[in-house]
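Make the full structure from the sequences, and use the hints.
Respectively, the protein sequence lines represent chains S and G.
FYI, the numbering for the first sequence is 1 to 211, going by this note's numbering.
FYI, the numbering for the second sequence is 1 to 247, going by this note's numbering.
Since the hints were made in silico from the structure, they are not lab data.
Take these hints with a grain of salt, some might be off.
Below 30 angstroms or equal to it, Euclidean Cα-Cα: the simulated DSBU-like pairs (lysine-lysine) are [stated by the list, open to error]: (1) G:K150 x S:K17; (2) S:K157 x G:K101; (3) G:K150 x S:K130; (4) S:K130 x S:K164.
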Amino acid sequence: MVDLTQLHDAILRGDAKKAVAVTREALAENVSPTELVSKHMIPAMDEVGRRFECQEYFVPELLLSARAMKGALELIRPLLVEQGVASVGRVIIGTVKGDLHDIGKNLVASMLEGAGFEVIDLGTDIAPGKIVSEILERKPNIVALSALLTTTMPFMKNTIEELKKAGVREQVKVMIGGAPVTQQYADQIGADGYSDNANGAVAIARRLVGG
Amino acid sequence: MHLKLISCEIFYRELCAAVSRSPNTVDIEFLPKGLHDIGCASMLARLQEVVDRVEAGKYEAVLLGYGLCNNGIVGLSAKATRLVVPRAHDCITLFLGGRQKYLDYFSSHPGVYFKTTGWIERGDSQGELRQLSIQRRIGLDMSYEELVEKYGEDNARYLWDEVCDLGRNYRQLTFIEMGVEPDDRFERQTREEAAARGWEFEKVKGDPSMIQRFVDGCWDAQEFLIVQPGGRIAPTHEEDIISLDAP
Numbered sequence: 001m002v003d004l005t006q007l008h009d010a011i012l013r014g015d016a017k018k019a020v021a022v023t024r025e026a027l028a029e030n031v032s033p034t035e036l037v038s039k040h041m042i043p044a045m046d047e048v049g050r051r052f053e054c055q056e057y058f059v060p061e062l063l064l065s066a067r068a069m070k071g072a073l074e075l076i077r078p079l080l081v082e083q084g085v086a087s088v089g090r091v092i093i094g095t096v097k098g099d100l101h102d103i104g105k106n107l108v109a110s111m112l113e114g115a116g117f118e119v120i121d122l123g124t125d126i127a128p129g130k131i132v133s134e135i136l137e138r139k140p141n142i143v144a145l146s147a148l149l150t151t152t153m154p155f156m157k158n159t160i161e162e163l164k165k166a167g168v169r170e171q172v173k174v175m176i177g178g179a180p181v182t183q184q185y186a187d188q189i190g191a192d193g194y195s196d197n198a199n200g201a202v203a204i205a206r207r208l209v210g211g
Numbered sequence: 001m002h003l004k005l006i007s008c009e010i011f012y013r014e015l016c017a018a019v020s021r022s023p024n025t026v027d028i029e030f031l032p033k034g035l036h037d038i039g040c041a042s043m044l045a046r047l048q049e050v051v052d053r054v055e056a057g058k059y060e061a062v063l064l065g066y067g068l069c070n071n072g073i074v075g076l077s078a079k080a081t082r083l084v085v086p087r088a089h090d091c092i093t094l095f096l097g098g099r100q101k102y103l104d105y106f107s108s109h110p111g112v113y114f115k116t117t118g119w120i121e122r123g124d125s126q127g128e129l130r131q132l133s134i135q136r137r138i139g140l141d142m143s144y145e146e147l148v149e150k151y152g153e154d155n156a157r158y159l160w161d162e163v164c165d166l167g168r169n170y171r172q173l174t175f176i177e178m179g180v181e182p183d184d185r186f187e188r189q190t191r192e193e194a195a196a197r198g199w200e201f202e203k204v205k206g207d208p209s210m211i212q213r214f215v216d217g218c219w220d221a222q223e224f225l226i227v228q229p230g231g232r233i234a235p236t237h238e239e240d241i242i243s244l245d246a247p
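Shown next as structure tokens:
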């Protein structure tokens, strides 16, 4: 019988191959998918987050653990869908217009996927109009916006204004982040959430979907 | 006027040239390039210390040779002498001669990275500031080889592609010629770097007039913020970039 502490450890170590292999074995042995997620994988990611907050882990470790988590979740998700278990929430994420920086955005996207969110990554240099059309088409719970430069930050405000004009602002929660972005700015433009790091972004996203 | 100028060394040649032509007597103190990478709290602390050290009553104004620079001047306060601060996101505004020129160029050239003499010859990329940089502190300031050594080949490839390859967020190098270059060595170096990375290269003429107005004392409120003693700098996130913090 498969030793499920190995799944926990593989995620903690960021060993994607091992995490996928153990998950496959467990599913073949008919271990409940929800049990795998709630008893082994989420506690492992929570521990990763704790180590990051204590500066025992840094961004690379965070990202490798999220990758391992994502690999295992890809096997599990179809089974959860079959059982009618909904994803934690759907997020569309992108870097705002004029800004091609994607590192922070990629990191947050990976962490959200690792936390069980369905993430649609629109990429960089995303015009407000594109966000509006994606909201209409994909019906996300959350819109996550990134900017690295103070020159491009105003597009976060523009995007929120466009969402209001298009009448879709109330359909989504908006969270923002990026090196120059602050909680004060989030309050100023009426964003629903802000975090200064990718681990914190997961907590914000969970709060925004009421989880 | 007798002025004190505290500036990032990125402007070394341009400020020396402007000061040499200025009707004012300007004492310059240059600080190392790269403070914008150490986080806004640390950058602020360093700048505030230098501003606070300026002898009271000696100067008619203290000029701050910085833009908003990743919020590194947010919260900076004037001590005994008023501060004059360019309304600029960063140094490129001053090199191009105004924030509208910068925004026009920036928005029509996505993924542009700028070079000037100071960008090339100033700063110590292996020194103290690199050790203190945010990139270093969060574990992203690593070469591909260092990643392989620490995390193994497969993980290194993934990390490199996802978050460590800082270069892929750019597609163009633009050399700003300021008229302070001895010859074409800086331009050539930029052109070669662009070719090596497979990026576009462009040379544009800079405009030193805003730098000249800065040291000459032509401080139009549209272009410069004046912070009286006790006042504090705040970001506006609007077109005027900075303002006084509400008391």
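Exercise. Of the numbered hints stated previously, which ones are contradicted by the structure, given in increasing order?
Worked result: Number 3 - this is the single hint that the structure violates.
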